[in-house]
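Residue numbers (this note's numbering), protein chains in the order written: chain A, 1 to 249; chain B, 1001 to 1408.
I should point out that these hints are in silico values taken from the structure, not numbers from a laboratory.
Being a predicted model, the structure only gives us computed values, none of them experimental.
Every residue, glycine too, gets a C-beta built ideally from N, C-alpha and C.
Be aware that one or more of the hints could be misleading.
[Stated by the list, open to error] Here's a subset of chain A near chain B, in silico, CB distances under 8 Å, partners left out:
1) Met-48
2) Ala-120
3) Pro-245
4) Met-247
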Amino acid sequence: MTLKLIFSEAKQWKYLVDTLSRLIDEASFIATPEGLRLRALDPSRIAMVDFVMPSEAFEEYLCDGEVRIGVNFDEFKKIMKRGSAKDKLELEVSEERRLKVRFRGRAVRTFSLPILELGAEELPTPRISFTVEAKLLSDAVKDAIKDAEIVSDYVKFETGEECLLMKASSDRGSVEVEFTRDSGSLIEIDIKEPSYAAYSLDYLSDMMKAYQLSDILTIEYATNKPLALTFDLPGGGRLTFYLAPRMEA
Amino acid sequence: MYPSLCAKCKGARRLCGRPRCPILERIEAHLGLVERKRLDRVMFGSSPPSTLVGEKGYPLVFVGPNIPPALGDRAVIYESPRSWWGKLSLEELIRLRSSLIFSRFRVDVRRAYTSDKLLEATREIALSIKPVDTEVHFEKPPRPRIEFDGVIEPIGPAAKPRRLLVASSPVVPRKVDQLVYDEDVKVREALAELYVHGVSIYHMMRLLSLGMLGRRIDRRLVPTRWAITAVDSTIGDILLTKVRGFNELNEYRLYNSEYLGNRYVIIMAPGPWTFEMIEIWLPRSVWVKAEKPYIAVNYELHDGKPRVDEVDGGYYAMRSPVLEYLYRLKRQATVIAIREVTPNYYAPVGVWQVRESVRAALEKGYEKVEGLEQALIRVSKLIETPIEVIVKKSRILRRLMYQTKLRL
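Produce the entire structure from the sequences given, and follow the hints as far as they go.
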């Protein structure tokens, strides 16, 4: 079984691994001839990561079967941090079951880390009938999360007339952020019914670290149901986070 | 001055801009008179062992051993946080510490390799696990005084030694000896190895602060205050890598202790490793002059990194005994550790008090409670601060109350 992937921009992977490492400790990438994927729950089972990157997104993709690459994200992140803007990234699984991470830039730098043998159970994603779907500018959402963190540890999502609202409040104060088409931050919105739900800011701000991967994100949710945040990645890849709601009194 | 400034600073960070903390100065003026004895220019005593690296003037800091007016085994009690706990009163602790003479001299922290006789002697003392007989000749007789600090133990009279002679052989554990001479092993690995071999963290703090651990190029003197936090946080992190792999606790537990006017309550809940410190300074306790309590909260999630920027030594001093306990229990848990400081804690005696109180609470045994609600009812009986106030400030309690999980 061989696996060798070349990705043209190491920086993208650096952001990806940094984001994932905030939510999960250990998880397996699964490589098949079609592409690479990873699905994992955070240790509290409050959030889930669902990542796919088709083989076309890579400059080179050599995989002749199913290869599982279990990694410790803390360690993987430390290595990925060393990637710089102009580097190409190569991932290779060696004979002795180690993951080789190679940055090709001004020099060829090869790191290697042990592959963990993790449980092979494949998780389903949560099944939710979302009642709201909105496409937004991701840095506008990132800013809104930062605004909400000033006053609270959770944020409420609400729908208005063709708009999406994020509200946070506590005895420290309150903040309201409105996303409308006019202001440019809201690109599309489909509201099936008025919906509201509250979500933890600790998790949202960790997830929003992925704003660097994509200018646009999709938010889907329903009243008191989990939220899905999807970032479309260049080359047809996708990164989705699911987050369970808070039932605030 | 805004009310929370002093509680944030704890006399350590000079946030008010004054050269010395006025609150600590007031306490010192009040208590400085405990030992008014004239002190001699020559002193013979056994360091418990106790050594100190100051912070003032960094990188040119005061360093030296603390020497009590006692010899042999009778000197042990002058620095013995583990056996102090629960036995000595604040007054007794202050009296004890004010009779220790800080035989200090200035050293540049970067010159860890200078062959300085005074530094050599101090290091010999730091290596030992038993009191080390010491003869000191001071340039001038030490003047009676006591200096308080938010993190380290009160410091007694200080004087510069002209000569410092170690008169008995230090008793050095083999592992300590080996790691001090190993100049290729990183500090983190050295600490991990010392921990596994049962070396006390107080011993590690002495070694680290005197620049005796780590790779040769990294070695330097480290102010004791920083070394304490470094050892607590590093040992905690090392234990956490193991604790994260254990099964989750499957019940709610409550632990508590009280010492020197400090109340501690620890809630353990089923869940992955998560830790929150809630520190409450009641009105009229050391740092709070206002009518309202000052509450500091910091927390970490599964990644083990504190989320609030201003982390002080107290956070890590609460966290390391909790991780040590979970490590022995072979469980991980979601932990909320509450410290309530009453006005009876009229002078700070160092962060050891926090560490040992948490440890004592955990060792004493626990009370099993039916769930979070029951736990909170019990907590409200153990501390003064209304439970609603605590819940409002706590991130983790509210998360336990309101956060749902994903259903797949």
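Hint-by-hint comparison with the structure:
1. Met-48: holds (6 Å)
2. Ala-120: Check failed: Cβ of Ala-120 of chain A comes no nearer than 16 Å to chain B, outside 8 Å.
3. Pro-245: With Cβ-Cβ at 6 Å, under 8 Å, it holds.
4. Met-247: holds (5 Å)
Figure legend: structure checked against the earlier numbered hints; the only hint not met is number 2.
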